[in-house]
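Engineer: Protein chains in written order, with the numbering used here: chain L, 1 to 85; chain D, 1 to 114.
Derived from the structure by calculation, the hints contain no laboratory data. Some hints here could point you the wrong way.
[Stated by the list, open to error] With a straight-line Cα cutoff of 25 Å, these simulated DSS-like cross-link-like pairs (lysine-lysine) come out:
no., chain 1, residue 1, chain 2, residue 2
1, D, Lys93, L, Lys76
2, D, Lys39, L, Lys76
3, D, Lys111, D, Lys93
4, L, Lys76, D, Lys85
[Unchecked claim] Here are a few chain D residues that face chain L, going by a calculated C-beta distance under 7 Å:
no., residue
5, Val41
6, Phe71
7, Leu73
8, Ile83
9, Glu105
Even for Gly, the Cβ is constructed at its ideal location relative to N, Cα and C.
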Amino acid sequence: MITVFYIGLCVCCFLCLYRIGRGPTAPDRTVAIDILGIVIVGFCGLLGIATGKDFYLNVALAWALLSFIGTIALAKFLEGRSFDE
Amino acid sequence: MSNIAGYILITIGITFDIFGCIGLVRFPDVYNRLQASTKCVTLGTILLLLGVAVISGFGATSAKAITCAVFILITSPTAAHAIAKGAYSSGIKLWEKSIVDKYAEQVRGDKEGS
């Protein structure tokens, strides 16, 4: 059962990586990076119950925060503004 | 019993994730991709984390999972909105078969009004 979940999430990750590599414009890549971050947060939660170790949920929380901050920084960079506005 | 409920939640969540990522690959435009993938993947990951919380029972693990789900529920639409606005103001055109552009109409109205 867990193996099927791993395969599904790996398929999601590789579709996101395809869009990051192929994407014609910069916002396509930004969207794909955002989605990849959220998918990996789910992956960390799944690893937490598959291995029975608790710290994977801490990794998931930190990954969600860093992914959000990185996406906001990339969006402001796309908009052509500096970071302190 | 709670294991079965949790696995059902995780299955639904991963199905939504896969559909969102297929939308990310298949759709023709930045805005279409954004609207397909962000909503599907947000809902899918929240369902997955709720399934993790249900399986692990009442404790620290489920508290962290629910905190993570609420955080994603708040931040993912914010990030999608910021990306859409950044993409529009960096000059990405809409797909040629898109017919409605409310944001351009609003920007033009603001310029005429002021």
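Engineer: Checking each numbered hint in turn, tell me which of them this model violates, lowest number first.
Structural biologist: 7, 9
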